[in-house]
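Undergrad: Each chain, letter by letter, is given below.
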Amino acid sequence: MKLETWLATLSDDYLTTWGNKGQLRRGKKLAATGDGEFASDQHGASAQFDGFLQRLDGVGFEKLTCTCPAAGVCHHLMALLVTLRDTVPGSQLPVDAASHHAGFWRTASAETLVEQLGRGVLNQSLAIYAKDHPSVRLQESATELLACVELDTPHTVRFPRTGTMDMSVCSCKRATCVHRGLALIALRDDLAASREIASITEDQVELLGLARDWLISVMIDGQVAITDPVMQRATALARELRQADTPNAATDLGRIARTLAMRQDILTSSEPSEAIARFWLTTTALVNDRTPRPTRELLGQHKRDYRRHDTLDLVGIGSELWATPSGYEGFSIHFLDETTGTPYSLSEARNASHAGSWRAPHALRHAAFGGQPAARCAGSTFNVRNAWLSPDGRLSLRDDSSVRLTGERNTSSIVQLAISPNDIRPSAHHHFPVSVGPSPIACLVRVRLSHRLEFDRFSAKWTHRIASSLVVATDKRDIADRLNLDYRSVQALYCVAYIERAQTRIRPISAVLSDTLVPLTHDTIGATR
Amino acid sequence: MTPHESLDAFIDDWRQWVTNVLHVGVAHVGRRTAVRVEDWADRAETLGWIEDAALARRVISGGGPLTERADAFVTSLSRLELASTLRSTVSNQQEVQE
Numbered sequence: 001m002k003l004e005t006w007l008a009t010l011s012d013d014y015l016t017t018w019g020n021k022g023q024l025r026r027g028k029k030l031a032a033t034g035d036g037e038f039a040s041d042q043h044g045a046s047a048q049f050d051g052f053l054q055r056l057d058g059v060g061f062e063k064l065t066c067t068c069p070a071a072g073v074c075h076h077l078m079a080l081l082v083t084l085r086d087t088v089p090g091s092q093l094p095v096d097a098a099s100h101h102a103g104f105w106r107t108a109s110a111e112t113l114v115e116q117l118g119r120g121v122l123n124q125s126l127a128i129y130a131k132d133h134p135s136v137r138l139q140e141s142a143t144e145l146l147a148c149v150e151l152d153t154p155h156t157v158r159f160p161r162t163g164t165m166d167m168s169v170c171s172c173k174r175a176t177c178v179h180r181g182l183a184l185i186a187l188r189d190d191l192a193a194s195r196e197i198a199s200i201t202e203d204q205v206e207l208l209g210l211a212r213d214w215l216i217s218v219m220i221d222g223q224v225a226i227t228d229p230v231m232q233r234a235t236a237l238a239r240e241l242r243q244a245d246t247p248n249a250a251t252d253l254g255r256i257a258r259t260l261a262m263r264q265d266i267l268t269s270s271e272p273s274e275a276i277a278r279f280w281l282t283t284t285a286l287v288n289d290r291t292p293r294p295t296r297e298l299l300g301q302h303k304r305d306y307r308r309h310d311t312l313d314l315v316g317i318g319s320e321l322w323a324t325p326s327g328y329e330g331f332s333i334h335f336l337d338e339t340t341g342t343p344y345s346l347s348e349a350r351n352a353s354h355a356g357s358w359r360a361p362h363a364l365r366h367a368a369f370g371g372q373p374a375a376r377c378a379g380s381t382f383n384v385r386n387a388w389l390s391p392d393g394r395l396s397l398r399d400d401s402s403v404r405l406t407g408e409r410n411t412s413s414i415v416q417l418a419i420s421p422n423d424i425r426p427s428a429h430h431h432f433p434v435s436v437g438p439s440p441i442a443c444l445v446r447v448r449l450s451h452r453l454e455f456d457r458f459s460a461k462w463t464h465r466i467a468s469s470l471v472v473a474t475d476k477r478d479i480a481d482r483l484n485l486d487y488r489s490v491q492a493l494y495c496v497a498y499i500e501r502a503q504t505r506i507r508p509i510s511a512v513l514s515d516t517l518v519p520l521t522h523d524t525i526g527a528t529r
Numbered sequence: 530m531t532p533h534e535s536l537d538a539f540i541d542d543w544r545q546w547v548t549n550v551l552h553v554g555v556a557h558v559g560r561r562t563a564v565r566v567e568d569w570a571d572r573a574e575t576l577g578w579i580e581d582a583a584l585a586r587r588v589i590s591g592g593g594p595l596t597e598r599a600d601a602f603v604t605s606l607s608r609l610e611l612a613s614t615l616r617s618t619v620s621n622q623q624e625v626q627e
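Quick mapping for you: the protein sequence lines, in order, are chains A and B. Numbering of the first sequence is given in this note's numbering, commencing with residue 1 and proceeding in unit increments. Numbering of the second sequence is given in this note's numbering, commencing with residue 530 and proceeding in unit increments.
Please keep in mind that the hints were generated in silico from the structure rather than gathered at the bench. Using N, Cα and C, we set each Cβ at its ideal position, and we do this for glycine too. Incorrect hints may have been included.
[Unchecked claim] Pair by pair, the computed Cβ-Cβ distance ranges are:
id	chain 1	residue 1	chain 2	residue 2	range
1	B	Gly-593	A	Gln-243	34 to 40 Å
2	B	Pro-594	A	Thr-284	15 to 21 Å
3	A	Ser-514	B	Gly-577	52 to 58 Å
4	A	Gln-416	B	Thr-575	56 to 62 Å
5	B	Asp-568	A	Asn-422	51 to 57 Å
[Stated by the list, open to error] Quick partial rundown of chain B residues pointing at chain A, CB under 7 Å, derived from the structure:
id	residue
6	Leu-536
7	Ile-540
8	His-552
9	Gly-554
10	Val-555
11	Thr-575
12	Leu-576
13	Thr-596
14	Ala-599
15	Phe-602
16	Val-603
17	Leu-606
18	Glu-610
Let the sequences and hints guide you as you build the complete structure.
TA: Below you can see the structure in the form of structure tokens.
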């Protein structure tokens with residue numbers, strides 16, 4: 001995490017919870033005198049107030065030291081933080097910029113939270129939560145999660161939205177405590193309850209029934225009897241399902257109709273039967289009101305629900321050309337949020353039959369982002385004003401959007417944004433940062449390849465298993481060759497994760513090889529150090 | 530044939546008749562396919578897949594309403610996909626353990 005991002009979380013309330021009101025008041029007074037010597041850079045700061053030396057060697061309260069005799073927090077350290085907060089450029093983060101961060105309490109894996117909190121503290125918190133039912137009031141704002149925990153005495157815990165657990169403070173003054181544990185347990189309970197709130201309406205049940213009737217009628221006469229009116233009916237139903245807030249069923253119905261209508265030899269493709277099974281099982285659960293998973297997850301979430309964000313700092317990670325079985329071709333430019341590592345992609349596509357002279361490779365070669373050729377933006381950093389983002393990580397630029405090239409980011413700091421392979425799980429596992437469902441999802445994942453990718457004749461892909469249920473897979477020989485050339489140097493892969501035959505697979509787009517970010521798609525030129 | 534190969538063969542046979550029926554529709558199942566489904570249902574029953582055997586027989590039963598037969602077919606197809614997924618998962622885990 002950047003120093004200025006942490007400093008931006010240090011509101012007066014936050015500092016009071018870390019220390020106390022008196023220390024903050026004295027610290028402010030001391031800072032205002034301007035008597036102390038003060039120096040700072042991007043890694044930390046030092047100061048000399050009242051003849052004592054204060055140092056900040058990194059990010060976080062535990063990196064603070066003062067040579068004065070006080071044990072723990074003192075007003076000298078307050079003076080240092082107040083001075084830093086008021087002088088370091090970028091540390092006055094606007095509320096809107098913080099508000100687009102989900103907060104680590106939503107994105108961190110269960111394992112990460114256990115590790116940061118300590119298993120002992122977590123077990124103690126769980127026991128107290130189950131036995132004493134303490135009152136925990138939670139309030140999420142644009143900048144933080146505030147928890148008021150009533151145990152023997154009331155305590156206040158603050159979790160900064162842009163930070164991690166290490167940046168949290170509690171009025172009990174301990175670095176880790178049961179108050180934090182109780183706050184997170186209560187929050188997870190609340191999140192689980194809110195997922196269950198979505199319930200299915202009568203209109204949705206009726207529409208799902210009509211869609212199931214359509215499928216039954218197709219099963220009676222078979223794939224060979226699919227006619228244009230049958231297809232048009234499916235298209236109309238899919239549209240109505242989408243409008244009725246049931247996008248998963250709409251997507252599956254569209255896929256069933258498309259794959260059956262292709263009239264290819266269905267013995268060679270498992271896609272129609274997989275889509276039929278998913279549609280049938282999901283809608284059976286919804287119609288019978290006995291959902292094995294949260295209703296909202298079965299109904300789905302609209303992909304294109306774009307929301308505007310005032311400002312967004314991105315680092316370019318690669319680009320790729322793609323084509324879909326339904327006849328679309330296009331390209332995507334991939335980015336990571338510089339602070340949170342959240343992936344976003346900007347895409348352009350056309351239906352090949354109506355594209356005229358438009359061709360994706362040509363369009364990608366001529367596309368620009370922030371004045372930079374899109375195919376060369378890997379490693380470059382950008383600031384986007386008025387960015388429109390969808391829940392599934394799509395970036396859209398509209399009339400009021402602007403993009404500015406802000407510099408370059410070194411590869412080692414990009415690797416720090418990567419998640420562990422263990423953080424990727426099928427979507428039933430809500431608490432994992434990357435939950436892979438029916439739709440593919442992008443992520444930067446730390447990877448070590450122990451050997452070269454091998455060709456799997458069954459799936460016609462080059463594969464390498466990197467965890468018990470995670471496999472790197474590509475059907476592009478040039479990508480496999482590029483990775484195999486330097487397989488020992490692979491540190492991370494930017495990839496798309498998807499489920500195939502009960503296996504989570506990742507399709508690489510870019511790779512971090514030693515200290516170099518290498519786009520892997522053949523039409524993308526250039527690498528960055 | 531090992532138990533695993535035997536299970537794979539059983540699931541493959543299941544997929545083959547399901548694919549045939551998907552292609553022609555439950556209303557137009559030919560005699561050869563019907564015999565094949567009946568044979569598979571006998572085997573399923575022997576192996577303890579009682580519900581799946583019953584579903585398969587309902588798909589080819591001449592007397593029942595077509596919508597009920599189609600319903601039984603989609604349910605059978607869905608159960609086949611679940612069985613395939615389960616089989617792949619077990620197979621993946623065994624590979625990892627080896």
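Undergrad: Take the hints in turn and mark each one as holding or not.
TA: Hints, verified against the model:
Restraint check, Gly-593(B) to Gln-243(A): a C-beta distance of roughly 35 Å satisfies the suggested window 34 to 40 Å. One distance hint, 15 to 21 Å for the beta-carbon pair Pro-594(B) and Thr-284(A), holds here, with the actual separation near 19 Å. Between Ser-514(A) and Gly-577(B) the Cβ separation comes to about 55 Å, which falls inside the hinted range of 52 to 58 Å. The given range of 56 to 62 Å is respected by Gln-416(A) and Thr-575(B), whose C-beta atoms sit roughly 58 Å from each other.
Restraint check, Asp-568(B) to Asn-422(A): a C-beta distance of roughly 45 Å breaks the suggested window 51 to 57 Å. A hinted interface residue such as Leu-536(B) counts as satisfied when its beta carbon comes closer than 7 Å to some beta carbon of chain A; here the least separation is about 15 Å, so the hint is violated. A cut of 7 Å between beta carbons decides the hint on Ile-540(B): the least distance to chain A is about 12 Å, and the hint is violated. Interface restraint check: His-552(B) against chain A, minimum CB-CB distance 5 Å, threshold 7 Å, status holds.
Taken as an interface hint, Gly-554(B) checks out: its beta carbon lies about 3 Å from the nearest beta carbon of chain A, inside 7 Å. The restraint placing Val-555(B) at the interface with chain A holds, with a minimum CB-CB distance near 6 Å, inside the 7 Å limit. Here the hint on Thr-575(B) is broken, as its CB sits about 25 Å from the closest CB of chain A, past 7 Å. Nearest Cβ of chain A to the Cβ of Leu-576(B): about 21 Å, over the 7 Å cut. The hint is violated.
This hint holds: Thr-596(B) has a C-beta 6 Å from the nearest C-beta of chain A, less than the 7 Å allowed. Against a cut-off of 7 Å between C-beta atoms, the interface hint on Ala-599(B) holds, since the closest Cβ of chain A lies about 4 Å away. With 7 Å as the threshold, the beta carbon of Phe-602(B) comes within range of chain A, its nearest partner Cβ sitting at about 5 Å, so the hint holds. With a least beta-carbon distance of about 5 Å to chain A, the hint placing Val-603(B) at the interface is held under the 7 Å criterion.
The criterion of a C-beta within 7 Å of any C-beta in chain A is met by Leu-606(B), whose closest approach is roughly 6 Å, and the hint holds. Given the 7 Å rule on beta carbons, the hint for Glu-610(B) holds: about 4 Å separates it from the nearest Cβ of chain A.
Checked against the numbered hints given earlier, this structure breaks hints 5, 6, 7, 11 and 12; the rest are met.
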